[in-house]
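For chain A, the structure is supplied; the task is to place chain B on it using the hints.
Read off the chains here:
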Amino acid sequence: AQTVTQSQPEMSVQEAETVTLSCTYDTSESNYYLFWYKQPPSRQMILVIRQEAYKQQNATENRFSVNFQKAAKSFSLKISDSQLGDTAMYFCAYLYSNDYKLSFGAGTTVTVRA
Amino acid sequence: EPEVTQTPSHQVTQMGQEVILRCVPISNHLYFYWYRQILGQKVEFLVSFYNNEISEKSEIFDDQFSVERPDGSNFTLKIRSTKLEDSAMYFCASSGTSGRTYNEQFFGPGTRLTVL
Numbered sequence: 001a002q003t004v005t006q007s008q009p010e011m012s013v014q015e016a017e018t019v020t021l022s023c024t025y026d027t028s029e030s031n032y033y034l035f036w037y038k039q040p041p042s043r044q045m046i047l048v049i050r051q052e053a054y055k056q057q058n059a060t061e062n063r064f065s066v067n068f069q070k071a072a073k074s075f076s077l078k079i080s081d082s083q084l085g086d087t088a089m090y091f092c093a094y095l096y097s098n099d100y101k102l103s104f105g106a107g108t109t110v111t112v113r114a
Numbered sequence: 001e002p003e004v005t006q007t008p009s010h011q012v013t014q015m016g017q018e019v020i021l022r023c024v025p026i027s028n029h030l031y032f033y034w035y036r037q038i039l040g041q042k043v044e045f046l047v048s049f050y051n052n053e054i055s056e057k058s059e060i061f062d063d064q065f066s067v068e069r070p071d072g073s074n075f076t077l078k079i080r081s082t083k084l085e086d087s088a089m090y091f092c093a094s095s096g097t098s099g100r101t102y103n104e105q106f107f108g109p110g111t112r113l114t115v116l
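Line by line, the protein sequences are chains A and B. Quick note on my numbering: the first sequence kicks off at 1 and runs consecutively. Quick note on my numbering: the second sequence kicks off at 1 and runs consecutively.
The following block holds chain A by itself, in its conformation from the complex:
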């Protein structure tokens, strides 16, 4: 079974600053997908960004970017110019390309301070 590890239970960042969330995963597969989901206090799961393992280029979505290191099995999320609305729990998730189930990490709570 794939394991996804998020080693930072909580992070705090000043508004407009940058924060980086770490995620590592364990897999023997070469074709897979990685995702970051945001869960605000409403508990809705919102997709933030995705990365295909076959792509070397790191994904970017506006203020969100990832640092994908396939050999190290590392997939960190950088939030630039943090906004109060970024306050949420962030989950890293793994999906094997021939599979159906997402495997989630334990989550990192991000608090953006005004």
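By construction, these hints were calculated from the structure, which means they are not laboratory data. Only a predicted model underlies this, so the values are computations on that prediction, with no experimental measurement involved. Just so it is clear, CB atoms sit at the ideal spot from N, CA and C, and this is done for glycine as well. Do not rely on the hints blindly, as some may be mistaken.
Here are the simulated lysine to any residue pairs, SDA-like style, with alpha carbons at most 25 Å apart [unchecked claim]: (1) B/Lys42 with A/Thr24; (2) B/Lys57 with B/Leu84; (3) A/Lys70 with A/Gln56; (4) B/Lys42 with A/Thr20; (5) B/Lys42 with A/Asp99; (6) A/Lys73 with A/Asn98; (7) B/Lys78 with A/Lys78; (8) A/Lys78 with A/Phe64; (9) B/Lys42 with A/Gln56; (10) A/Lys70 with A/Gln8; (11) B/Lys57 with A/Ser97; (12) B/Lys78 with A/Gln8; (13) B/Lys42 with A/Ala53; (14) A/Lys78 with B/Glu104; (15) A/Lys73 with B/Lys42.
Sample of chain A residues facing chain B (criterion: CB under 8 Å; computed from the structure) [claimed, not checked]: (16) Leu47; (17) Arg50; (18) Phe91; (19) Ala106.
Frame of chain A; chain B shown alone:
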């Protein structure tokens, strides 16, 4: 933008009762999923469903659980005899088969199930 919807938003039930959680996936999606999240814990996969049958299920998804697509739009999760430990947030998700959203699972807002 199309979205996954779930009803009810909150369900309270007595232990031993049956509950049915309802989901309407995104209309052109063909893969459907249920996940659950016990308060303060990680999101866990329960089951995936494609072409009117279960494609994969976790060890959590025992005989007390069942899924169904009763018509062309709804996707349901039934818990036959609820236990206290079934209290959790239940998320429905769906994904498409091609294009940019291939393998991208879109989640509904969740149903909070409380078993007393």
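Structure-based check of all given hints:
1. The straight-line distance between the Cα atoms of B/Lys42 and A/Thr24 is roughly 15 Å, inside the 25 Å bound, and the hint therefore holds.
2. Annotation: proposed proximity of B/Lys57 to B/Leu84 holds, straight-line Cα distance about 21 Å (limit 25 Å).
3. Restraint check: the Cα-Cα separation between A/Lys70 and A/Gln56 comes to about 9 Å, which is no more than 25 Å; the hinted pair holds.
4. A threshold of 25 Å between alpha carbons decides the hint, and for B/Lys42 with A/Thr20 the separation of about 20 Å falls inside it, so the pair holds.
5. For the given pair, B/Lys42 sits about 19 Å from A/Asp99 by alpha-carbon distance, which is consistent with the 25 Å threshold.
6. A hinted pair counts as satisfied when its Cα atoms are at most 25 Å apart, and A/Lys73 with A/Asn98 qualifies at roughly 19 Å.
7. Only pairs whose Cα atoms come within 25 Å are accepted, and B/Lys78 paired with A/Lys78 is rejected, the gap being roughly 39 Å.
8. Taken as a hint, the A/Lys78 and A/Phe64 pair is honoured in the structure, with Cα atoms around 6 Å apart against an allowance of 25 Å.
9. For the suggested pair B/Lys42 and A/Gln56, the alpha carbons sit about 28 Å apart, so the restraint of at most 25 Å is broken.
10. For the hint linking A/Lys70 to A/Gln8, the alpha-carbon distance of about 20 Å falls within 25 Å, and the restraint holds.
11. For a cut-off of 25 Å, the pair hint linking B/Lys57 to A/Ser97 stands: about 17 Å separates their Cα positions.
12. Our distance criterion of 25 Å between C-alpha atoms is broken by B/Lys78 and A/Gln8, whose separation comes to about 35 Å.
13. Using a Cα cut-off of 25 Å, the hinted pair B/Lys42 and A/Ala53 holds, with the two alpha carbons roughly 23 Å apart.
14. Proposed proximity of A/Lys78 and B/Glu104 is supported: the alpha carbons are some 20 Å apart, at most 25 Å.
15. Between A/Lys73 and B/Lys42, the direct Cα distance comes to roughly 20 Å. Compliance with the 25 Å bound is thereby established for this hinted pair.
16. For A/Leu47, the shortest C-beta to C-beta distance to chain B is roughly 7 Å, which falls under 8 Å, so the interface hint holds.
17. Checking A/Arg50 against chain B by beta carbon gives a least distance of about 6 Å; that is within 8 Å, so the hint holds.
18. Interface restraint check for A/Phe91: the shortest CB-CB distance to chain B comes to about 6 Å, inside 8 Å, so the restraint holds.
19. Taken as an interface hint, A/Ala106 checks out: its beta carbon lies about 5 Å from the nearest beta carbon of chain B, inside 8 Å.
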